[in-house]
Structures are given as structure tokens and as C-alpha cells.
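Asks: With the sequences and hints as input, model every part of the structure.
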Amino acid sequence: MADQILFFIEVVVGGLLAGTMYSLVALGFVLIYKASATFNFSQGAMVFFAVLAFVGFMQDFNVPFVLAFFLAVFLMIIVGLCTERLVLRPLMNQSEDTLLMATIGLGYVLEGLAQAMWGVEVRRLDLGIKDFPIPWIADNLKLFISAIDLTAGIVAFGMIIGLTLLFKYTKMGLGLRAVADDAGAASSIGIPLKHIMLLVWSAAGVVALVAGMMWGARAGVQFALVDLALKALPVLIIGGFSSIPGAIIGGLLIGAVEKVLEVYIGPFFGGAIEGWAPYVLAIFFLLYRPEGLFGEKIIRRV
Amino acid sequence: MKPIFMTYTRGDLINLAILLIVGVVVIPMTVSSGYWYTSILIPWLCLALATIGQQIIMGYTGQLALGAAGFMAAGAFACFNLILRVPGIPFVGALLISGLIAAAFGILFGLPSLRVRGIYLMVATLASQFFIIWMIDKFGWFKNYDSSGIITAQDIVIMGKPFTSPVEMYLVIVAVVTPMTLIAMNMARGSTGRNWMSVRDMDIAAESMGVSLLKTKLQAFAISSFYCGVAGALFAFTYLKSLEPVAFDIKLSFKVLFMVILGGLGTINGAFIGAAFILLFPVLLNYIGNNVFHGAIDATIISAIEQVVFGVLMIIFMIYEPLGMAKLWETIKIKIAGLFSKK
Chain A
29 MADQILFFIE VVVGGLLAGT MYSLVALGFV LIYKASATFN FSQGAMVFFA
79 VLAFVGFMQD FNVPFVLAFF LAVFLMIIVG LCTERLVLRP LMNQSEDTLL
129 MATIGLGYVL EGLAQAMWGV EVRRLDLGIK DFPIPWIADN LKLFISAIDL
179 TAGIVAFGMI IGLTLLFKYT KMGLGLRAVA DDAGAASSIG IPLKHIMLLV
229 WSAAGVVALV AGMMWGARAG VQFALVDLAL KALPVLIIGG FSSIPGAIIG
279 GLLIGAVEKV LEVYIGPFFG GAIEGWAPYV LAIFFLLYRP EGLFGEKIIR
329 RV
Chain B
426 MKPIFMTYTR GDLINLAILL IVGVVVIPMT VSSGYWYTSI LIPWLCLALA
476 TIGQQIIMGY TGQLALGAAG FMAAGAFACF NLILRVPGIP FVGALLISGL
526 IAAAFGILFG LPSLRVRGIY LMVATLASQF FIIWMIDKFG WFKNYDSSGI
576 ITAQDIVIMG KPFTSPVEMY LVIVAVVTPM TLIAMNMARG STGRNWMSVR
626 DMDIAAESMG VSLLKTKLQA FAISSFYCGV AGALFAFTYL KSLEPVAFDI
676 KLSFKVLFMV ILGGLGTING AFIGAAFILL FPVLLNYIGN NVFHGAIDAT
726 IISAIEQVVF GVLMIIFMIY EPLGMAKLWE TIKIKIAGLF SKK
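Residue numbers (this note's numbering), protein chains in the order written: chain A, 29 to 330; chain B, 426 to 768.
Hints listed in this document are in silico derivations from the structure and should not be mistaken for laboratory results. Honestly, I wouldn't trust all of these hints.
As the list claims (entries may be wrong) - Computed cross-link-like contacts, SDA-like style, restricted to lysine to any residue with a CA-CA straight-line distance of at most 20 Å:
1) B:Lys680 with A:Asp255
2) B:Lys563 with A:Glu290
3) B:Lys680 with A:Leu141
4) A:Lys222 with B:Ile744
Said to hold, decoys possible - Stretches of chain B that chain A covers, calculated by requiring three or more beta carbons in the stretch to come under 8 Å of a beta carbon on chain A:
5) 536-549
6) 735-747
What the hints assert, rightly or not - A short list of chain A residues far from chain B (calculated; beta carbon distances all over 10 Å):
7) Leu109
8) Ile219
9) Val288
Think of the CB as a built atom: it goes at the ideal place given N, C-alpha and C, for glycine as much as any other residue.
Replies: The following block contains the structure:
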């Protein structure tokens with residue numbers, strides 16, 4: 029019996045830690061949604077683009093790790109700049125659906141560019157962290173927890189704390205919240221809209237890069253990352269589109285629930301229910317609480 | 426209820442007659458190479474039909490759904506199983522029933538649309554996409570316990586006559602697509618379509634004017650997935666000639682979405698234009714790659730370029746012409762007419 033409980037805990041912990049990776053992608057999404065009320069469908073493509081560029085710099089040009097990281101960050105800032113200039117600004121004041129479709133196009137562009145520049149083969153990314161159980165925990169608590177999962181969890185929480193502080197206590201963060209609340213009013217009192225947008229898209233790019241590095245180290249840098257990143261969407265629905273804590277809790281919830289379902293119920297249906305379980309969970313959430321756990325209630329008027 | 430068939434102007438009838446003569450008489454008589462049928466005309470018409478389905482839900486009713494390929498898969502496998510298990514079922518009957526089965530799925534997964542819209546709905550319909558493919562993949566019954574994963578589609582037999590050559594299959598598709606397109610056009614401009622569009626433009630206003638959201642949305646989902654289901658069955662039986670769940674993955678859903686947006690939201694002829702563009706552009710790109718650069722460009726690079734171009738076009742159309750190529754075509758027609766009238 030004790031073994032079964034331990035196994036259950038192991039499944040849940042593994043799911044939670046895997047869930048932090050969904051949280052990381054969802055985080056980038058929330059950042060952009062908060063600042064510009066745009067559903068950025070291309071966040072998954074940004075993850076793929078950022079990490080492929082990072083690995084490409086390292087492997088094709090033999091750039092050292094740190095420099096490659098900063099080059100990739102720089103690249104993501106350029107992507108943010110171009111997006112703001114070429115996509116968002118011409119579409120200002122358009123409906124949410126229009127912007128959403130434009131970001132689907134943007135996602136296609138990023139995926140295509142990444143593959144044209146760096147090729148389509150799966151690349152290995154070695155962060156020096158192994159995908160093995162941590163010996164100390166395995167010996168003392170009898171739980172098998174992968175080192176890379178744990179690292180991802182710690183990194184995710186570090187980023188969340190950093191971003192929350194940025195939003196709450198800096199002047200930039202205040203400006204950001206003002207823009208999110210009412211872009212017109214914010215710009216009329218002299219908050220530089222363009223700079224805020226650029227900042228947000230760059231921050232989302234960096235978050236995408238980190239998420240991609242974590243995922244890439246685990247499963248290889250490949251196109252499948254884009255499909256994995258789609259799972260950030262149910263995470264967002266559960267957590268609410270405009271809440272950073274929501275993204276985290278949604279991610280953890282999806283991670284844990286999909287693992288538990290897969291391990292305990294999956295075998296009865298031939299497995300692989302991970303593929304759709306998060307979406308079905310999201311539908312149930314939509315039926316009972318469409319604004320998500322932490323989202324703001326949506327009020328629509330004629 | 427208003428009658429489904431409304432009056433046509435003389436110009437409409439002439440256009441229809443010309444199109445039918447070209448489609449049924451001129452093309453089969455002049456085009457003899459199988460390549461044109463199997464690689465261009467057949468997939469074009471099948472995907473255009475699916476695009477009409479997506480057009481109904483997205484362009485007319487304004488619901489951002491992203492599960493066309495899932496419903497196509499439902500239609501395709503329903504058709505396969507009907508022909509396999511029901512002895513003596515006519516092909517057209519099987520096709521219609523497959524459409525109805527897909528429509529049932531459409532209603533089921535359209536239910537969330539009553540509560541949510543925009544990207545929320547998109548996520549809900551993604552559930553249908555992943556769930557339907559998973560279901561077909563995991564339950565052997567749907568695939569007749571075939572372990573290879575690829576099942577050969579049965580031959581199309583109508584009234585005892587097999588339709589297996591490219592030209593014959595093309596004619597079968599024309600015979601299905603033509604009436605369905607006409608019906609879609611009529612629905613779109615009749616009271617059904619007006620209800621759809623009122624929901625699209627402002628659902629709360631529509632509701633307060635007495636349009637039942639429940640009925641209108643679910644009806645649109647049902648009709649849309651009916652079209653997708655029939656298109657999927659035709660696609661599998663004539664173009665793929667095999668049934669594999671992988672062929673109906675999310676990439677196909679995105680493709681259909683692109684056909685709708687580039688073709689023009691809320692137009693039926695946009696469905697045909699969009700489908701033609703998305704299908705022909707890669708062909709053109711490959712042709713340039715092979716003949717201008719003589720294969721110096723890798724095939725993967727070409728497909729990456731294709732993706733970039735589609736994405737860029739999507740953004741450009743969103744910015745400059747949200748109504749897509751169909752509107753562009755109208756504008757060009759008016760410009761040309763203007764040139765002639767000046768003389």
C-alpha cells in the first residue's frame with residue numbers, strides 16, 4: 029500500500045514539474061495579453077524559434093553558451109520590435125479575433141523562418157543537467173524526481189517572482205498595467221505605448237527562450253515543441269488569460285491531472301489520452317467558469 | 426421557413442451554365458493527363474468543400490473554430506465503415522450518412538460556443554480535433570482492426586458502375602460539390618444566413634432581436650461539420666485513396682483555416698479561391714525550385730519558405746484586405762469594368 033501511495037505521489041510530482049513547463053509558455057502569453065489584450069497564438073512558435081536560434085548559434089557557429097543566450101535574447105527583441113512595428117501597429121483598434129488571426133500568421137512566419145535558417149532535424153540541447161532522478165531525494169524520500177524537471181520548476185518560479193515584482197513595484201510595471209487597463213487613456217497621459225509594447229514582446233520572447241531551453245533539454249529541439257506549446261492554451265483557460273499566478277497554477281494543474289489520468293485511466297483506453305485530456309478539462313472549466321480561476325470577469329455590452 | 430431555392434438573376438444562371446459546361450464537358454474532354462485530376466482538381470474541390478464548411482462556421486457565424494480536419498476524419502472513417510459493414514449501401518447514401526455523423530460531432534463540440542467565443546472557443550474545438558483523431562486511432566473497430574495503420578479505401582461504386590479512373594472520380598466530386606455549393610450559397614443569402622451573420626456581427630444584439638443563439642449556433646456547427654464530413658470522405662476516397670488518422674492532423678485544420686482567411690471571410694467563392702491558392706502556391710514554388718534553381722534549394726527550405734509566405738500573406742490580408750482574395754477579385758473586376766466604360 030505504501031508503495032502505491034509513493035507511486036501516486038511520484039506521478040503527481042512528476043506531473044507538477046512537467047506542468048511548470050506549460051506554465052512557462054503560458055506566462056509569455058499572459059504577459060502579452062495583459063499589456064495589449066492580444067491573444068498571441070504565436071507564443072508556441074516563439075518558443076521554437078528562440079530555442080532553435082540559441083542551439084543554432086551554439087552548434088553551427090560554435091558560440092559559447094552565455095554569448096549564444098544573449099544573442100538569442102537580442103534576436104527575440106528584434107522579433108518583438110518587428111512584430112510591434114509591422115503587425116500590431118497597423119492593426120491597432122481592430123477586433124480581438126482579427127489580431128488573433130494575425131498572430132496565427134505570425135506563428136507561421138516564425139516557424140518557417142526558423143526552419144529555413146536552421147534546418148528541420150532534431151537537435152540535442154545539453155544544459156549540463158541530466159534527465160535522471162536526483163540521488164539524494166531518491167535515497168531519502170524514495171521518490172524519483174528528474175533533475176531537469178526540478179530545475180525547470182525552480183527556473184519557472186524564479187521568473188514568476190521576477191515578473192510579479194516587475195509588474196508591481198517598478199515604474200515600467202505601473203505603466204504596463206495602465207496600458208493594459210486603457211491604452212488610450214494611458215497614452216494621453218504620456219505613457220510611451222510603443223516602448224511598453226516593445227518591452228512586453230521582448231519579455232515574452234525571453235520567457236519563450238527559457239521555456240524552449242527547458243523543453244529542448246528534455247525532448248530535443250524539434251518542431252514538436254510547437255504542438256506541445258499548444259497545451260498552454262488549456263492552461264490559460266483554466267488559469268485565466270490575464271493572471272500570472274493563474275498561468276502557474278493552471279500549468280501545474282494540467283500537468284498533474286494529465287499525468288494522473290494517463291497513468292491510472294489511460295491504460296483502459298489504450299493510452300495517449302494526454303493528447304486531448306487537457307482540452308477536455310478546459311471545456312469543463314469553460315462551462316462552469318469561463319473567466320478561469322483568476323481571470324477577470326468578462327462583461328460584454330451591446 | 427422560406428423556401429431554400431430562391432430566384433436567380435439571368436446573369437447568375439448564365440454563369441452557372443458556363444461553369445457547368447467548363448467543369449463537366451470541357452475539362453474532361455480536353456484535360457487528359459491524370460496528374461491534373463489527381464493532384465490538382467480533385468484535392469482542390471474536396472478542400473474547397475471543407476473550406477465552405479469552415480466558412481459557414483467562421484466566416485458567416487463568426488465562431489473561431491479550428492477543428493475542420495477532425496470532422497473530416499469523422500466523415501472519412503464513417504464512410505469507410507458504412508461501406509464495409511452495411512451491405513449494398515449506395516455510395517451517395519453512405520456519403521450523406523457520414524456527413525450526418527460528422528454533424529452530430531459538430532453539434533457535440535459546438536456546445537461550448539453557447540458560452541464562449543474567440544480563442545476560448547478555439548481551444549474547445551481543438552479538443553474535438555485531438556479527441557476524434559485519438560478515438561479513431563485507439564479503437565481498432567474504426568479501422569477494422571487493421572494493424573498496418575493505413576487502410577486502402579474501397580472503390581467508389583455507383584449503380585453498379587465503378588468510378589475508379591481520375592476523370593470518373595473527378596466527375597463524382599463535381600456531382601457532389603456543385604449542388605452542395607449551390608445550397609450553401611442559398612443558405613448564406615437566405616434567412617438562415619442572415620441569422621448566422623447577425624450572430625457574427627453582434628450576438629447579444631441578435632439575441633435581443635429574437636434570434637435564438639442556441640439554435641443558430643448549433644445549426645451552423647451542424648451544417649459546417651456536415652460539409653467537412655462529406656469533404657473528408659471524398660478527400661479520403663478519391664485523393665488519399667487510403668484512410669489514416671495522421672492525414673487529418675491539426676496541420677490540415679490550419680490549412681483549411683488559411684483557405685478561409687486568404688480566400689475571404691464570409692464568401693462562398695472565396696472558399697474556392699483560397700483552396701486553389703493554398704494548393705497551387707506550393708506547386709508553383711516547387712516548379713520554380715526545380716526549373717529555375719535546378720534543385721539547388723533543399724525541399725525542406727522550400728516548404729519553410731511556403732510557410733513564411735502564407736504567414737506573411739495572412740498578416741498582410743488582415744491589415745489591408747480582411748475580406749481576402751474574393752474581395753480583391755471583386756475590386757479588380759470593378760476596376761477593369763471602369764476602364765472599359767470610360768472609352
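Asks: Are the hints correct? Go through all of them and say.
Replies: Hints versus structure:
no.	hint	in the structure
1	B:Lys680 with A:Asp255	holds, 15 Å
2	B:Lys563 with A:Glu290	holds, 14 Å
3	B:Lys680 with A:Leu141	holds, 18 Å
4	A:Lys222 with B:Ile744	holds, 19 Å
5	536-549	holds (count 9)
6	735-747	holds (count 9)
7	Leu109	holds, 15 Å
8	Ile219	holds, 25 Å
9	Val288	holds, 18 Å
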